[in-house]
Structure formats: C-alpha cells, structure tokens
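Next come the chains, spelled out residue by residue.
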Amino acid sequence: MGSRASTLLREEEIEEIKKETGFSHSQITRLYSRFTSLDKGENGTLSREDFQRIPELAINPLGDRIINAFFPEGEDQVNFRGFMRTLAHFRPIEDNEKNKDPIASEPLNSRSNKLLFAFRLYDLDRDDKISRDELLQVLRMMVGVNISDEQLGSIADRTIQEADQNGDNSISFNEFIKVGNVYILYIDIDIDI
Amino acid sequence: MACRTCLWLLGTTFFTCTVRLVVEGTEVGATQESISGIQIVTFKWHHVEAPYLIALWILVAGVSKMVVELNHSLTSVIPESALLIIIGWILGGIIYGADKMQTFTLTPTVFFFYLLPQVILDAGYFMPNKLFFSNMGAILVYAVIGTCWNAATVGLGLWGCWLGGAMGDIDIGLLQFLLFGSLIAAVDPVAVIAVFEEVHVNEVLFIMVFGESLLNDGVTVVLFNVFDAFVSLGGAEIDAVEIIKGIISFFVVAFGGSLVGIIFALLISLLTRCTKNIQIIEPGFIFILGYLSYLTAEMLSLSAILSIVFCGICCQKYINANMDERSVTTVRYVMKVLANGSETIIFVFLGISAIDPAVWVWNTGFILLTLLFIFVFRFIGVFLLTWILNKYRLVPLEFIDQVVMSYGGLRGAVAYGLVAMLDENKFKEKNLMVSTTLIVVYFTVMLQGITMKPLVTWLKVKRAAVTELTLAEKIQNRTFDHMLVAIEDISGQIGHNYMRDKWHNFEERWLCWFLMKPSARKSRDYIFNIFHQLNLKDAMSYVKEGERRGSLAFVRNETKADVDFNKKFRASFSEIMPDIMADNMGPDHEAEKGNDIVPSVCLDMHEQDLTMRESEDFNAHHLLQQHLYRGRKQHRHRYSRSHLETNRDENEVQEIFQRTMRSRLESFKSAKMGVAPAKKIQTKHQKKDKPQKVRGEGTFSPFLHVRPHSHPLIGNVMCMLCNVYVMLCHF
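As you go down the protein sequences, you meet chains A and B in turn. For the first sequence, the UniProt record's numbering assigns the number 1 to the initial residue and increments by one for each residue that follows. For the second sequence, the UniProt record's numbering assigns the number 1 to the initial residue and increments by one for each residue that follows.
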C-alpha cells in the first residue's frame, strides 16, 4: 500500500490544474477524491474498465463514447490532469471570467469548447466532419430496437439535410454549432461543495 | 359480473342494517326469557358483535373497491377516491334510511390509530430515498413554510371576513379561526397519492408534492395543539412566552418524531439481522415495530406521522438486505394490501359520515370563503416559494410544475380526523367546521381530482406546441442530455453531493456493519450486484424463451432482439428466482433496488407524442420521439398505491445494457485474446461451460457465486461476465 503516498495531490499540481481548468481549490480536492475512489488499481491513472465500473454508465446510451472522450488519442490510461481537463468543459461559466485577459487562450468551458466536445462524440475519425455513417452510428445507439435500419437511415438523411449548409452531405463543426444554440448554455454541472 | 358485484355490495349493507334491527329485537326478548331447557342452537349476537361488524365493514369496503374497478374508463376520468366517496354516500343513505341515525362514522380514534398508520408506513417503506433526500430542502420549505403560510392566511382571511360580517352571527374568535386554518391547510398524503396515480408527472414534481404531504404533519400537529391550548387558555393568557414555547414545540415535535422513527428503524434493522432462524415470522416484526413507532410518538405527543415515515424510510435498505427474499416479498405485498384496504375504508367512511344531518350546519359565507381561500392562497404560496427556491436550485421548477403542485394540494381525511377531535364545549361552532371540512374534502378530492388530468394535458399540449424543434435539434438535445447525465455520474455529482458522499462513507463503514447481516454485506459489492441482477434476468429470460421456442436459434440473431422480457418476467419471476438464487446470495434482487438506474416512461408523454402533429415530416419526428431513449432527466413515476412495480420501462434499460455489454465484450475479447476468429473463441468457451451447464436450474449459481471479495483485477470480473454472456448468446 505504499504507492498511496505518491498519488496524493501536491499543492503545485493543484495550482496548475486551477490555472488550466478554472476549478477552485475545494472543487479540485473534491474531484480528486472521486478520482481516487474510481481508481481501483491505485496507480494514479484510470483505465477504461474503471469508468465502466460505474453502473449508471452501462445504461447510458452514449456511455462508452463519453468514456472514450476522456482518453487522448490511442492511450489507455488517463491521469488526474486529463480527467480534470475533460471535466472542465462542464464547469459553469462564471461572470467574472468574461473580463479575463483576452490574450489567454479560450477557457475550456467556453461554449464552443463544449460544442466541440459534443461534436467529437459523433466524429470518431476526427476528420472534423460528421458523415452519414457516423451519425447513423450515434443514432443507432440512442434509439430503441424497434426502429428499422431504413427508418433510421431516413432520419439521418433528414437530419443532415436540415443541418448541412454547404451541400457536402456531412455536418461540419460550424454547421453543428448553428443547430440548437440555446440548449448548450444549460450543459453545466454544478461541482460544488 | 357487474350485477353480481353490486348485489354483493347491497347485500352486505342490508345485512348489516337488518342485523342491528334483529339484535335490538332479540335484546328485548332475551332478557325476559328464562332458561326453560337446553337450547341446541342459540343466536349469540352480542358475543361476536364488535369483531363481526368490523369484519363486515372491511368486506363492504373491499366490495366497494371491486365495484369501482369494474369500469376502467370510468376510473381514468374520475379518480378512485371520488368514486369511493360516492359509494360511501349511497351506503350512508341506506344505513340512515334503515336506522334513522348514522351509526357508523369515521371516528378520530379509529382513523388515527387503526387506519392511518399503515398508509403512512407504506409511503415511507416505498419512498425513493435518493430522490427524497436530494430534494429534501425544497420539500421542507414547502412543508413547513408553505403550511404555515396556508394556515395563517386562511385563518386570518376568514377572521377578517367574519369581522366584516360576511358570515353572519357565529360564536367564534380569532384563535378558533387560526386553529381551523391550521387543520384545513395541510395537504393530505392519502388523497394526493390517490389522484397522482392517474396523472403521471415527472419524479421531481411527484416527490415534492408527496414529500410535502407527508412532512407537513409535523407542522399541523404543532399548530393544532398550540392553538388548541391557546383556545383553552383563553385569549388573555397569550403572551410572548407562550408564542416562543409554541415555536420551540415545533422543533421538538418535528425532530423528536423523526428521531423516534429512526430509533425504531434501527431496532427493526437489528432485529432482522438476528432472525435467520425464524424467517417465517420476520414480516410480522416490521409491521409491529412500525406501528409501535407510531404509537410511541403519539404517546410522547410528538409527530406520529413523521415517526412512522422515517421509520419506513430508514429501515428499507437494511431489512431488504437482511431478510429472506420471501419475507421481503411478503412485507411488500402485505404493506400494499393494508395500505390499499385502509385507504378504501377511509374514503368510503368519509362518504358515509356525511350522511348525518346531526352534523350539518350550513353557513354559505364560511364555506364558500374557505374554499376560495384555500384555493387561492395555495396558488400564491406555491408560486411565491417556488420563485424563491428556483434561485437556489440546479434544475428550476417550471410553470407547469408549479400549477400542478398548487392544484394538487388536496385535503383529505387527516383534516377531517382533526376536526372531529375538537371539543364541542370549547368550540361552539364545531359542527360548522366539520361540515366545512367535509365539503372542502369533497371539493378537492372530487373536483380537483377529476379535472387534474385534463388540466395537465391541456397545459402540456400548449407548452409542447410552442417549441417546434427540427430533427437535428432534437437529436442534439437528447445527446446533450445523455452527455450531461454521464458526466454527472462520472464526477459523482448530482447537485450538491459532498454531504451525500460523506454520508455514504459513514454508512458503508459503520451502519452496514452494525445493521446488516454479514452475508448480506458481502454481497453488496455494488458493481457485481447490478451486473449480476441484470445478467440473471437476461439469463433467465433467454433460457425461458429458448425453451419456449424449442431451440435457441433465435439468440444467434443479434440484431433482432425480439424477446419481450417484460411479459416473461412478471409471470415467472417469483417462481424461478428462489431456485436460481442460492441461499444467502442476498443481493438486492428486487426490481425496486435498481431504482437508481432504471428509467421509466411517462405514459402521459407518450400520448402527447402520438397526437403531436400531422406535418410533412411527421413520420420522422414521430419515429424519433417514440424511439429515442429517454435519459434519466425524463419522466418517471416511482410510487403507486396499487401496483408493486410501476411504469418502469425495463426494455429500454435492457436494450441499452445489452448493447453496451456486447460492445464492451467485443473490445475486451479482441484486446485480451487477440483478434481471433469469433467462432473459435465461442467453441472454446462452450466446451468449458458445457459440463457446468448440464447441472440443471442451479447452473447459474456456481458461476455467479464467485464473489470478488478483495477487488481482484477487473480482468477477472470481465472474464466472468464474458463467459456468462458468451454462453448465453451462443448456446
């Protein structure tokens, strides 16, 4: 059990995470305890199985995709930093952030970054376009078994028709943004003590 | 069929009346007779009078319920409670006609001691705890502040109108008005459930109204006693000290009552921990101790309802884990039987009690003003409080929710019971109050009960028509929903959760150790439980379906999961389960335990969607609406008086779970065993599994018996799950 000590969070790390993600000190420690409770192997990183252990995700249609979103390209482990970085997308937007230093890069939880996160759920091959197939895949995950493939196909076609503006039969990120703008503002989780 | 039931009903009532007449007749005769010889058969009515009448009345109530349930289209328009009251009127009329006086009424003693406790215990035992406690703040605000507001405004309003002369000349004072206000202000749990059975609302709204109706008893009891004491003291004796005492008594009564309930919950849990050898009488303990908690709180002049509610709430988890599975089923069923029976009797008697000219005093002003005030002030109160609450809530309560909440503030038998307890000497106008209370109860239960559903439908349709989303928007919205839910689950957060985590840790370490049987504790390894539970169901249904169809060929077709699990389950669940579940498996096997993860469909929404629009892309929208999985945020209905498993769309969960597990298995297989051709892997597993499979029904147990006590590599568990699934899918 000696490995425990090395996984404790150091102050410098907390500061760095704070700067990068904008979470407060208490939120970071709170999420760290959540991270460690998920980390059954106690090696300071989470694997896919650790996420899959959360039962509620097994019955979330997009559960596995969202788990994937935590892992950077081709990697199988995510450390606390990466964990926080992903969660930072869902930090509530605070008023005082709007006047921040414009030179600094866009905060992780800005609207467009949130939309980018959602976009990446669809766009598996990272070509910045949601093709008909990718859309079909996601739709298939979100829909019951009583809907046939043809019906689903026609829904996908319709959807692309509605959203596509430049006629390339796929949805680019810009077109994605234009759909349902208002709703994205409510995608915040209140990580609070 | 209908004729027979009605005949039964009439028959029993007539029997009751004639019995009484006969009794009176024989009484006179009996005393004059002297024993002249041995009587072979005697008519010993007095010997059995009391229990006989009780049993007879229960029978009558039961038969009334049968009559009510005859016509389902009727019950969907008029709530059951209203129909029962009407039957009560008819019965009361018959009895009055026969007896020239109302011999059977709902007395406060019978009501508070014998009819109410089981209803409340049922409410507490089946309460969705997680939902309840996460909305506790809002519920408390409505229960405490809302009820005080209602009581004060109604009382003062009536007093003002009385001063203004709207009620004519009645012998009453400010304090009596306030007392009346306090007893008429409380929303009634019995009535609320009865109406919300038909109207499907989302779970947050439901728990608000339900929780409020249960918790406001604390306030009602205090207000009632305080004002009763004030009236006895007389107006002159009231000073600041007394008022402060009143406020303190609120805290004492409320917290004291809850504490008593929690203590009894601990007792029950401890007791069930030790009852391994007398499993047959385990259920009895639950009911007796629950009842004792009620009586104890009553004895200590604390809030009895709060006590029994918290007893039910706190002991649910532990007794379900500790007790034998059959005992758990027994407890659940008997609870429902008792609660349903009590509720029926309560409503029938509410009807009967009305047919008694002795209690009727009509005062137009008083009655109409009361009705007006409780209605209007409830609306104002709810909207005001919601406006304040929404500033602090994560998910605000919408307009339609507030309307439903205000409109759903029904008064019921508790108010009647309280008013019947008033002392006539202190309250000269007791009969007026009783009459008014009865009218209020009838009005709310019947009128508001009947119009609730149309109102909600109308509002929902109105709201839905305003926002016409495109397909893309709908899909996106739903995606965001699922995303948000997933992130919440990953970060372990739903709203303010820090306290809850702390409580969880405390509970895991200390309470479970103390209150649960060791074997129950061991099998509480959460992940294993959930997977096990769902796997077991899957396994059983696949096997059953296969047996039914003669071969398992269909299982290989993975794309068409046509098996209707639900139907199979209801029937065979209880038979199969005891066999499969080896002794002391003790996991949370009931469907209810999956409470946290099983979503359900709101029938209401479904209807809405079906009648939505006839436009050109109707088909696509319609399809999507019908088939898109609903996330956790969507509507669910968790509590029902008459059904044990309510409105849960297990299909949805099954489908999603299967899909997820299949895809995980695929990736796991390819990762662990290399990309070997699928067939090969199957046969390999088949060989391993075959010998064990042959052992018959107990087959599944050996597999699932292996419990990962000490957190082995997740690979092992996954492997096991792999095996189970592969075996199932490729028999």
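Read the hints as simulated data drawn from the structure, not as lab findings. It is possible that some hints are incorrect.
[Said to hold, decoys possible] Here are the simulated BS3-like cross-link-like pairs (lysine-lysine), alpha carbons at most 27 Å apart as the crow flies: (1) B/Lys317 to B/Lys276; (2) A/Lys40 to B/Lys391; (3) B/Lys336 to B/Lys453; (4) A/Lys40 to A/Lys18; (5) B/Lys428 to B/Lys100; (6) B/Lys100 to B/Lys391; (7) A/Lys40 to B/Lys426; (8) B/Lys460 to B/Lys276; (9) B/Lys460 to B/Lys474; (10) B/Lys44 to B/Lys100; (11) B/Lys517 to B/Lys317; (12) B/Lys276 to A/Lys40; (13) A/Lys18 to B/Lys428; (14) A/Lys40 to B/Lys100; (15) B/Lys130 to B/Lys426; (16) B/Lys391 to B/Lys245; (17) B/Lys430 to B/Lys130; (18) A/Lys178 to B/Lys430; (19) B/Lys245 to B/Lys426; (20) A/Lys129 to B/Lys474; (21) B/Lys460 to B/Lys517.
[As the list claims (entries may be wrong)] Covered, in the sense of this in silico footprint (three residues per stretch, anywhere, with C-beta under 8 Å from a C-beta of chain B), are these stretches of chain A: (22) 13 to 21; (23) 124 to 131; (24) 134 to 142.
Nothing here was measured: the structure is a model prediction, and the numbers come from that model. Idealized CB from N, CA, C, for every residue including glycine.
Structure versus earlier hints, numbers of those that do not hold, lowest first: Of the numbered hints, 2, 6, 7, 8, 12, 13, 14, 15, 16, 17, 18, 21, 22 and 23 do not hold.
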